[in-house]
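Novice: Residue numbers (my numbering), protein chains in the order written: chain D, 1 to 188; chain F, 1 to 105.
Here's a subset of chain F near chain D, in silico, CB distances under 8 Å, partners left out: (1) 21; (2) 23; (3) 27; (4) 31; (5) 34; (6) 38.
Pairs of lysine to aspartate or glutamate, EDC-like flavour, derived with a Cα cap of 20 Å: (7) 124(D) - 13(F); (8) 147(D) - 13(F); (9) 122(D) - 19(F); (10) 180(D) - 12(F); (11) 35(F) - 56(D); (12) 175(D) - 134(D); (13) 130(D) - 113(D); (14) 122(D) - 12(F); (15) 27(D) - 25(F); (16) 147(D) - 123(D); (17) 27(D) - 28(F); (18) 53(D) - 64(D).
To be clear, the hints were calculated from the coordinates, so they are not data collected in a lab. Glycine included, each C-beta is placed from N, C-alpha and C at the ideal position.
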Amino acid sequence: MSDQELVNAVTGGNMKAFEQLVNTYKKSVFNTVLGFLRDVENAEEVTQDVFLKIYETIGGFKGEAKLSTWIYRISVNQSLDYLRKAKRKKRFATLLSLFNSENEVIYQPVNFDHPGVLMENKEKAALLFKAIDELPDKQKTAFLLQKVEHCSQQKIAEIMQLNEGAIESLLTRAKLNLRKSLTKYYAS
Amino acid sequence: MKNLKEAEKQADEALKSIDNIQSVDVNEFLYTRIKNRIDDLDGQIEKPIIWPLYRLAAMLVFFIAINIISYNYLLGTNTSNKSIKTNDLNIFSEDYNLQGIQNNY
Chain D
1 MSDQELVNAV
11 TGGNMKAFEQ
21 LVNTYKKSVF
31 NTVLGFLRDV
41 ENAEEVTQDV
51 FLKIYETIGG
61 FKGEAKLSTW
71 IYRISVNQSL
81 DYLRKAKRKK
91 RFATLLSLFN
101 SENEVIYQPV
111 NFDHPGVLME
121 NKEKAALLFK
131 AIDELPDKQK
141 TAFLLQKVEH
151 CSQQKIAEIM
161 QLNEGAIESL
171 LTRAKLNLRK
181 SLTKYYAS
Chain F
1 MKNLKEAEKQ
11 ADEALKSIDN
21 IQSVDVNEFL
31 YTRIKNRIDD
41 LDGQIEKPII
51 WPLYRLAAML
61 VFFIAINIIS
71 YNYLLGTNTS
81 NKSIKTNDLN
91 IFSEDYNLQG
101 IQNNY
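Model the full structure from these sequences, guided by the hints.
Specialist: Pasting the structure below:
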């Protein structure tokens, strides 16, 4: 079944076709989301959200981009939304803790839990991902799509709806910023 | 200076730490969970559409019933009032021998 046939079938309410779509793209969606979140449990939850979003909005898919590109775009947006919400919660919890007499920690940030990182690299990767968290969203997205999903610059450009030159610039700046941040950490 | 060079070297190593990141397998029950959420969502969508219709229909039936009962009650009251009035007039006219007299004002 071609992408367009699959989309038409899902739009027509064919649940078998939707199951096929989920099975085809679940691994790339989950790994993209996991790259942003680095927590298996939350990544599974957001992966479900991504497919729900796909199910609800597939009628609006016009076929201007490849289906995989459109799905990557939804995965990135859902992940960034989740991180923004988590950041807001963290800020709110910090604010609450100021008024909490017992100074109890209400919100616990997620620990580094990416099963795809080799054991000997866990510590370094945890530091790297902490630095990635500080990057602006566009740099973060371009860097993660290249490193985690091994997407080409052309594919990243299609997902982010930017030209390839802009992606190259984003990747260069992301690497420079990460190197600067990590050097600062190791020098201190 | 040496410290900075060492830090830069460590930073480069950290940057390479995700170069060989492995693809992770997804929970095998993912589709079932998504399907359950879709079913829940469909249920939630149906409820707000159907329930107000039932409520509206019930309210209309109640309103119409109240109106019919009120109308019948008021009609009944008026008829009995009329007959009471006529009876009173008959008694009055009998008392004063007014039966058969027509007013020609």
